[in-house]
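Work out the full structure: start from the sequences and follow the hints.
Protein chains in written order, with this note's numbering: chain A, 1 to 518; chain B, 1 to 313.
Honestly, the hints are just simulated from the structure, not real lab data. All values derive from a computational prediction rather than experimental measurement. Worth double-checking, as some hints may not be accurate.
To be verified - Derived, one-sided and incomplete: chain B residues facing chain A with beta-carbon distance under 7 Å:
#	residue
1	A95
2	T213
3	P256
4	V258
5	E270
6	L272
7	L273
For every residue, glycine included, the Cβ atom is placed at its ideal position computed from N, Cα and C.
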Amino acid sequence: MTRIKTLLMASAALSLPAAAAAQAPENTIVTALSADITTFDIAQVSERGNSNIMRHIFATLETTQPDGSIAPDLAESLEITEDGTGYIYTLHEGLTCHDGEALMAEDVAYTFNRAADPDNGFTGNVPGFLFSGMQFEGAEALDDRRVQVNIRTPNPIARGLIAEVMVHCMDAYEAMSIDEAGQNPVGSGRYQMVEWDRGSQVVLERVVDESEAPVERLVFRIIPESSTRTAELLAGNVDLVTNVPPDQLDVIDANPNSDVYIAQGLRRIYVGFNLSDEFAAMPGGDAIQDPMVRRALQYAVDVPSICTQLLNFECERATGLVNPPHNHPDLEPYPFDPETAEAMLDEAGWERGEDGTRFSIRFQAGRDRYLNDVNVVQAITQMLQDVGVDVDLQILDWASTYVPLIRERNAGPLYFLGTGGNIWSEFIDMNDLNSVEAGTNYTHWDDPRWFDGWDVIRDPSASPEEIEETRLEMLRVFYEDGPWLHLYSQPDFYAMSSRLNFTPRQDERVYLWTATLE
Amino acid sequence: MSLPTDTPATVAPVPDTQLPPAPTWRRELRRAWASMVASRWALMGLIILLIAIFVAIFGPALAPFDPNRQNILLRLVEPGGAGPGGSVYWMGSDALGRDVFSRLLHGARVSLLVGFAAIAVGGTIGIIAGLLSGYFGGWVDDIIMRLGDIQLAFPFILLAIMFLVVLGPGLLNIILVLGIGQWITYARIVRAETLSLREKEYVEAARAMGDSTLSIMFRTILPNIMAPLTVIASFNVASVILSEAALSFLGLGVPPNVPTWGSMLSESREHLLSNRWWLAIFPGMAIVLVVLAFNIIGDWLRDHLDPRLREHG
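Here it is as structure tokens:
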């Protein structure tokens, strides 16, 4: 009996999960996601797949369009105060939240102030990236329909950042604890949540007119394993799969009921150098404090081969943290030149020892979040080892282990990450490092040549030429002495059932109220 | 007694039946071998196991490539395809251009090491706990058995995942987790046997002769319960190898630079739909064969060591 049982277990390990026989239901889009949902609190969310679902539940004051322009959402108009530090939004009439509560200016102010309140200890994208980027000071209701968002100094990207903040009502959230709010969203958007089966699926139902959202029901299924996601698509149980592995594109394309859509994404994939004092005391952490060592390692990694072989697309290596067309026009991507890397490491004082090793260093990465990430980090590890760096690669579970490390800015000394990008402003991609203490400065980099540049950019008296000159100088510093090992902007591979009409955006925002079903 | 002087110096051969009996272990070995040869399945299991152990010991020397050496320009080469410098990838290459055959040979060592080491950890804890529990009884027995009950209330794989998420993946951690997961199996068997043996005359005699408690437990009782433990251990090795494969499949096994059959199977998932069969079939077959071998030998050992079956035989 034991023999039969163990044999069955072995067979089960070999078999692919069988696709269910049922077809995707009528008037419902089923999307397969790789990562589980961690929160439904707008102040706590920091992961794109998670925020994509939430954006269907929560509306924003304004919304960024695929072309980078900004369009109204909850607000019908915007007025900016003369000194450039007050953004006054006028809300549409008759807005309500999903529990029936009227959505007024005080609700918007409450949403902003709650997310910024340090007593709440939120670590999501709103306080950690948006608010620190715009230097948020506070929000206040001027009357029932007008709300003013205040920032410390005029800021060229504040409007776009405010447009990212999802809005909810006050009464429901005042009645809930922080934990409860993360599990029971009371939204203001086109869909409301009707079911959240943790680790399995989230079901949303339309609460607006069909003209605003043609599809009645959205199901987001959590399927961590990529070939299972693809198998479900091929079986007709799923309409949309994001982050399709490159090695499965041919299979999907060959199926008559599914298509592949490739977008040049804006997510910037990089290896970060964590330069905090704590990591400087660790093996390898001391070596990467030296900009020459960081620069040497740039030459050790063959990014074009990683792109063509592991990601199935031709890429140009990034020169910094800014997506084209706003990147520095004169900087050339670091070439793959291991000899130069070795010479620079020698010069920096890290010569090979008797065992061929220059120094050891830990390299942390999450699993199955980005395109072919496990293979990419292993390839990078091999390339660094080839120039004498003994790399201790740790591949960690994304949601339970790696995300908390990243949130605490405690991954490293080398860590692998992708950070979402935008092109609606030349400054938005730089905003990850808007201050040394920014929640998205996972590297603890503190070079004043970069951070002092923000004072010029935010100075209302600075001329456009002066600002642009400063910006380009900051990008040059980042390229030469920065805290990233530059890799690539990730391509986005979407697989769709043939009944789905949907055009993916470059910025990974999957807003399905723009989609229709045949 | 002296021989007559006219008697030739040669001694007539003595019939076998008059020879002094061979030492017990040699007789047992002969009997075991005869029994194994009679049961062809057991012999097959033994051969597979010996091959696996040979590969685990000498595999790294036999491997044509460094199992971790990547060559991303030669990824996903089919079995028999050309490798670097005119060499051949006999079992193909994986998604990073590593030789599947070399990884399979290296993986044998890790899989068997995890299997045996986890049993050593679990067996040691379980035997000590079972002896204490069975010999002393009372509150010692209650505490140890209730601890076991609590552990058994959780599905093992869930417990293992929880520990590995906290401790982090790694060879030592996976051995510890899998070993600790097994202790209660041994503890229960040892306890039951100890409960019956502690009242036997030879145990009483040892006590009367002033042997210490430790000596009675480990030198008098333990040798008499090794037979059922050996059978359970043989089944458990198979189960532990499968658990390691399952945990590696879930990404909680050993680090990525340590090739194991389970992690190779895990890495093959993304390529099954695109018909890169060699990535799953070879490590899958290796797991199946070794697990099968351990189970067959476990079955045979159970039959062979069972005194009732021995008498009937």
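Failing hints, ascending?
-> Violated hints: 2 and 4; rest satisfied.
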